[in-house]
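Line by line, the protein sequences are chains A and B. Residue numbers for the first sequence follow our numbering, so the first one is 5 and each next one is one higher. Residue numbers for the second sequence follow our numbering, so the first one is 5 and each next one is one higher.
In case anyone wonders, no lab produced these hints; they're calculated from the structure. Warning: the hint list may mix true and false statements.
Any copy, or any two copies together, can satisfy a pair, since identical chains are not distinguished.
To be verified - List of simulated lysine to any residue pairs, SDA-like, C-alpha gap at most 25 Å:
hint	residue 1	residue 2
1	LYS169	PRO22
2	LYS125	GLN86
3	LYS125	PHE155
4	LYS140	GLY18
5	LYS140	PRO16
6	LYS140	HIS154
7	LYS169	GLU145
8	LYS125	HIS151
9	LYS169	GLY18
It should be emphasised that the depicted structure is a prediction, and the values quoted were computed from it without experimental measurement.
Here is how the chains run, residue by residue.
2 protein chains.
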Amino acid sequence: MRFGFSLPIQHPVGDHLPQRVAEAVEMVRLARQAGFDHVSASQHYLAAPFQYMQPLPLLARVAAEAGDMTLGTGIMLLALHQPVDVAESIATMDVICGGRFVFGVGLGYRDVEFDAFGVPKGQRLSRFLEALEVVKRLWTEDRVTFHGTHFQLDDVSLTMRPVQKPRPPIVVAASNDRMVQRVARIADAWTIAGHATLATLERQVGLYRAALEAEGKPFPPPRFSLGKELYIARDMDAALREALPYLATKYEAYAQWGQDHVLPAGETFHLPIEQLRQDRFIVGDPQYCIEQIAEHERRLGIQQMGFRLHWPGMPHQRVMQAIELLGAHVLPHFRR
Amino acid sequence: MRFGFSLPIQHPVGDHLPQRVAEAVEMVRLARQAGFDHVSASQHYLAAPFQYMQPLPLLARVAAEAGDMTLGTGIMLLALHQPVDVAESIATMDVICGGRFVFGVGLGYRDVEFDAFGVPKGQRLSRFLEALEVVKRLWTEDRVTFHGTHFQLDDVSLTMRPVQKPRPPIVVAASNDRMVQRVARIADAWTIAGHATLATLERQVGLYRAALEAEGKPFPPPRFSLGKELYIARDMDAALREALPYLATKYEAYAQWGQDHVLPAGETFHLPIEQLRQDRFIVGDPQYCIEQIAEHERRLGIQQMGFRLHWPGMPHQRVMQAIELLGAHVLPHFRR
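With the hints as extra help, turn the sequences into a complete structure.
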């Protein structure tokens, strides 16, 4: 198992963000010592009630401290962007981290983002698929001509290439069944968004596995990973007391954003936090965390877990303590 | 006078770019010790025959070493981008460098860039002006509604704001007379692109000054600056021998790109390098550089100079030597 964590990128309005960036840099340094393998950051725009930094500059800044860890976008909202811009920006990121960049993309679901970028929401899937195809071709072909519904290129040559050959790994975060099946065809691995219950995820892994088989691809692919909210403290009571208020605030906002609408039927975020956390978040002492991670590994076949260790407003020291506890008690358990 | 330099961002195809980034980091460290005030990087796409990195990730990476220096885009090709993306990306950059970001923009002129982004070149000016207006409003107003020709926003609230209040300085690189006059109205300062002869620039400064007066704005504004190709060595012969071959290669490509077509009538890059350098580039020993800088300061009224010290293929050690010589012999001369 490889372990990653996502940078604290989302903070309450009014927070002094330069301090938050300084803290993120400290976390990366500590995570590197603690044995983490991967650092990620995702993309949202217009993220009221939070301030949400853009992931590429933040990842480029922490690359200075990341050592041998890989870096990557959890998701980038590919349907909002021009493929030539994406191809050269991610190639530059791959250069900056010495060929250790993982390109994670997602479809997005928030109306406010599509509206502000002038992208009709009904076109998001076809834009996403077209952009992904164009980016791959720009990275791997000397001259690209492409006439699609959304993008037109005539004999374009991308000189600004990634370090990794033929290209950086492409992973897709997906929550609904059809997208999960599609990932088998279009990307190197599925990143399980991890907001749904374990029973739902287990069922979806079955779909993914069958779709991979139909493509003649092995299961599990190397970067098949699960994103998970995790909080660890010395004992269970402290873990729950310290984490749940921040998780509750975050999921109230995400319920308002409508993120649960992209989950399979029956999944909702409109639940009391005590009930929401069951089966969805890992919050507990080291032994509990080990058991939960092992169970997810066993039931889902994942090769990597990416923890979200921070929610808007959570004090820096708690995240540092969580990284330390994971490095001391949990990660070593999964090293073979 | 403040002094800046632009990062080596453009390299021959085949160069190993991670090494070039490591060198850029060293340059920033040395420039900081040498007394430089500002580090910049510009934007181009599809920059054959060179590899051209994207400026925001590169600037974010070197921010780790920049100390109190300001950072900024020399230009960003604003007409190619969505204003919400630009507003949040530059705000994130401003956070990463602790409120020291200067937002430099330019119109662009290369067909290959506009074509690849699906932007009709005839719309580039109106897109540029509209995007600039929207970015300013997103940074300074709580809720923005905008119905333009290119961009539509309804009651949009940008929570991801810059650190600098009300917003980062906006500077515009411009080469033609009408754009120079327009800069007086739409931005905080003109950045003289510096490719034209001194006589042409002097005439254009007259236009700029008159346009500022018409707006009731003082001349010169604080960040009124000149970008200039500069190479310094211990003696004149070495300077010419070491710099001219690289300058020649770069300007052959820029002539092919058609950059001289956006200069005022009579200006061309289609000249032998010996002739091209006269009056356009500063290449010489420390005393010559001091005299040239002083003359530009006197005749143009500039408050800042930004040096391009590197051209594709030039060895790292030559740039390091130039930064060192500037810090030891030239910059102190202009400190009051």
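Results of checking the hints against the structure:
In this homomeric assembly, LYS169 and PRO22 come within 25 Å of each other (Cα to Cα) only across copies, at 14 Å, whereas the closest approach inside a single copy is 35 Å. When the C-alpha separation of LYS125 and GLN86 is checked against a cutoff of 25 Å, the pair qualifies both within a copy, at 16 Å, and between copies, at 16 Å. For a Cα distance limit of 25 Å, the shortest separation of LYS125 from PHE155 qualifies both inside one copy, at 16 Å, and across copies, at 16 Å. Taking the shortest alpha-carbon separations for LYS140 and GLY18, only the inter-copy value of 20 Å comes in at or below 25 Å, while the best intra-copy value is 39 Å.
For the homomeric pair LYS140 and PRO16, the shortest alpha-carbon distance between copies (22 Å) is at most 25 Å, but the shortest distance inside one copy (36 Å) is not. Proximity of LYS140 to HIS154 under the C-alpha cut-off of 25 Å is restricted to the intra-copy arrangement: shortest distance 16 Å within a copy versus 28 Å between copies. Taking identical chains as interchangeable, the C-alpha atoms of LYS169 and GLU145 lie at most 25 Å apart only when both belong to the same chain, with a minimum of 12 Å there against 45 Å between chains. Taking the shortest alpha-carbon separations for LYS125 and HIS151, both the intra-copy value of 21 Å and the inter-copy value of 19 Å come in at or below 25 Å.
Taking the closest pair of Cα atoms, LYS169 and GLY18 come within 25 Å of each other only across two copies (13 Å); inside a single copy the shortest separation is 43 Å, beyond that limit.
Hint compliance for this structure: every hint is met.
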